[in-house]
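For the record, the sequence lines run as chains A and B. Just so we're aligned, residue 1 is where the first sequence starts under my numbering, counting upward by one. Just so we're aligned, residue 1 is where the second sequence starts under my numbering, counting upward by one.
Derived by calculation from the structure, the hints in this document are not laboratory data. Idealized CB from N, CA, C, for every residue including glycine.
Derived SDA-like pairs: lysine to any residue, alpha-carbon spacing no greater than 25 Å straight-line:
| # | chain 1 | residue 1 | chain 2 | residue 2 |
| --- | --- | --- | --- | --- |
| 1 | A | Lys150 | B | Gly151 |
| 2 | A | Lys150 | B | Pro348 |
| 3 | A | Lys152 | A | Gln23 |
| 4 | B | Lys152 | A | Asp120 |
| 5 | B | Lys152 | A | Glu115 |
| 6 | A | Lys150 | B | Pro118 |
| 7 | B | Lys152 | A | Gln199 |
| 8 | A | Lys150 | B | Arg351 |
| 9 | A | Lys150 | A | Gln199 |
| 10 | A | Lys152 | B | Asp120 |
| 11 | B | Lys150 | B | Thr21 |
| 12 | B | Lys150 | B | Met24 |
| 13 | A | Lys152 | B | Ser198 |
| 14 | A | Lys152 | A | Arg20 |
| 15 | A | Lys152 | A | Gly116 |
| 16 | B | Lys152 | A | Gly116 |
| 17 | A | Lys150 | B | Tyr345 |
| 18 | B | Lys152 | B | Asp120 |
Covered, in the sense of this in silico footprint (three residues per stretch, anywhere, with C-beta under 8 Å from a C-beta of chain A), are these stretches of chain B:
| # | region |
| --- | --- |
| 19 | 60-74 |
| 20 | 92-100 |
| 21 | 153-166 |
| 22 | 346-353 |
2 protein chains.
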Amino acid sequence: MDDELDASGWRCALPGAAPRTVQMGHGSGGRMMSELISTLFQRHFSNPFLDALDDGATLPAPAGRLVYSTDSYVVDPLFFPGGNIGDLAVNGTINDLCMCGATPLYLSAGFIIEEGFPLDELEQIVHSMAEAARGANTLIVSGDTKVVDKGKADRLFINTSGIGVLSIQHAMGSHHLRRGDAILLSGPIGDHGMAVLSQRQDLGFSSTLRSDTAALHEMSAALLRACGEAVHALRDPTRGGLAAVLNEFARASHVAIELQEAAIPVRPQVAAACDVLGLDPLYIANEGKMVVVVAAERAQAALDVLRGDPLGAAAERIGEVCAGNPGQVSMHTPLGGWRIIDQPYSDPLPRIC
Amino acid sequence: MDDELDASGWRCALPGAAPRTVQMGHGSGGRMMSELISTLFQRHFSNPFLDALDDGATLPAPAGRLVYSTDSYVVDPLFFPGGNIGDLAVNGTINDLCMCGATPLYLSAGFIIEEGFPLDELEQIVHSMAEAARGANTLIVSGDTKVVDKGKADRLFINTSGIGVLSIQHAMGSHHLRRGDAILLSGPIGDHGMAVLSQRQDLGFSSTLRSDTAALHEMSAALLRACGEAVHALRDPTRGGLAAVLNEFARASHVAIELQEAAIPVRPQVAAACDVLGLDPLYIANEGKMVVVVAAERAQAALDVLRGDPLGAAAERIGEVCAGNPGQVSMHTPLGGWRIIDQPYSDPLPRIC
Chain A
1 MDDELDASGW
11 RCALPGAAPR
21 TVQMGHGSGG
31 RMMSELISTL
41 FQRHFSNPFL
51 DALDDGATLP
61 APAGRLVYST
71 DSYVVDPLFF
81 PGGNIGDLAV
91 NGTINDLCMC
101 GATPLYLSAG
111 FIIEEGFPLD
121 ELEQIVHSMA
131 EAARGANTLI
141 VSGDTKVVDK
151 GKADRLFINT
161 SGIGVLSIQH
171 AMGSHHLRRG
181 DAILLSGPIG
191 DHGMAVLSQR
201 QDLGFSSTLR
211 SDTAALHEMS
221 AALLRACGEA
231 VHALRDPTRG
241 GLAAVLNEFA
251 RASHVAIELQ
261 EAAIPVRPQV
271 AAACDVLGLD
281 PLYIANEGKM
291 VVVVAAERAQ
301 AALDVLRGDP
311 LGAAAERIGE
321 VCAGNPGQVS
331 MHTPLGGWRI
341 IDQPYSDPLP
351 RIC
Chain B
1 MDDELDASGW
11 RCALPGAAPR
21 TVQMGHGSGG
31 RMMSELISTL
41 FQRHFSNPFL
51 DALDDGATLP
61 APAGRLVYST
71 DSYVVDPLFF
81 PGGNIGDLAV
91 NGTINDLCMC
101 GATPLYLSAG
111 FIIEEGFPLD
121 ELEQIVHSMA
131 EAARGANTLI
141 VSGDTKVVDK
151 GKADRLFINT
161 SGIGVLSIQH
171 AMGSHHLRRG
181 DAILLSGPIG
191 DHGMAVLSQR
201 QDLGFSSTLR
211 SDTAALHEMS
221 AALLRACGEA
231 VHALRDPTRG
241 GLAAVLNEFA
251 RASHVAIELQ
261 EAAIPVRPQV
271 AAACDVLGLD
281 PLYIANEGKM
291 VVVVAAERAQ
301 AALDVLRGDP
311 LGAAAERIGE
321 VCAGNPGQVS
331 MHTPLGGWRI
341 IDQPYSDPLP
351 RIC
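Please model the complete structure; the sequences and the hints are all you need to start from.
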């Protein structure tokens, strides 16, 4: 019955009509789903592991320890300046793997789609995912599509999970901060959160805000090659922003962290938007930035590596791990003040990723 | 501020009140989310890989090739006779790995929760997931929680992905059927779909219908140990049912498949419910059954292995791969008739998993 397909390969559910939207049957396990897979997902994501179309992807044995991570994305709206839910979902999971010291290899993608979602928007999103995966030398090898009735989901949610192979020998992470370590930040904070917020209904402040969504695999790999064991922790400050990451680090390692506010890069338009809305950039989500905790004697070398990458051109040394109340993050202000940076309790901006 | 926690460890968002539901802040990346993770997810799923609470889980190098799979679950309702969305999500991904000839090792779990979802129901579901994972000797090593505003999701969606290590040397799957192979089925079909359907609004036929949700890891491993390369394909007939699996097999391997209707086990209550609703059990989802394609000379040995497992006690040889139109699945009826079993186009029962 392949002659029922229209020119683009999408099946017409009603003769004479072309409902270019996702239908319940696209999540059914039947022929409609097979067609969606072959005409959309497989066309964009194609690789031998995915194309086998078995229940799971059979992959080569990786040469080393694995790193494994998952994230669901419910960002609202789906499209925003600088990206969309698709590249956000791919970059986000790639970054989670990189922050553990891994080289990302394989990704999975699970779609939950609201009935009636436009197929051309889905294709744009899938295209962005394919580009993002390719850009980071990763393959999307396993996928799943579910469709829920109209009104039962907010357009589209995507889950990505990822597998990487560990590229470091030393232990690294939130528990490994030491007194004297330097805190580096790869660039200005708050771009993603404020760019998404700028697109929301009733918050139409127009500006040049753009999400920083990007894959950090090259920068993190270069840093670990150059500084090795001197790197004590890496983290991308997403939900909860820089404040959440540093509070988690300080608590996990039982150390104090002191920041210099003047050193923390914030774009003027982000600072202005935060000011208007009563938000603090320290708590706003980023999707292409990296916090680096590094032994002081390698801090300058690490900063040079970050600045040598286009994504880290504006990197700064923003603070240090020091004696003081274990678990406390504080900040020196430019005018000589000092304040505690609390762990956020909730989030000023829900559904930011 | 830990004294703000109530006795059970759940934070009271309003002094004096105990809103035992999921709030937007539980998905925020802040303290509310940390508390949800430690008091619920970590408490039930605890293992050293998850407990590190880094962006990804760092795992030992597996001894062999990997199998990797993902699935999202949007089943409606969340609780049904025989299980809930939690064990369904864990068993489903475990089964996907097993059907590729893998031993499941690690799972991820991503939750998308509607604001206002009762925490006690979430705990029941998480508890079921933990039990199911333990039962199959797997660890949930990575997780993620997102909360969306009320009305923007239908209560709860769960994505699971899983990693297994390949336990076979030979190629197996939908492309590997050969003429003469026997088709085995591990037990009666339609239980899951009809059990879920029985719980839906306006379809309150009460009965003894129960979902068959179960992990097939022991049965598939025993089968592969006993019959090795004689096993040409394994598949769990979920969405689209037995008909979808066999049509996919017949097309991928360019062979015909002939079934004997009298040999296909269907419980009387499932047959009766299907009859009333005009449904065909061949197209109804299962969540604890296995289709086995095996070389004819090992068919009896394979059947014996299936029947030796409690989940396969009612296993039957239901048909064979034969000459005939490539891609065609047909069935001989008990009265001497013969009919084509088409690939389902859509699905009579959406949101069944």
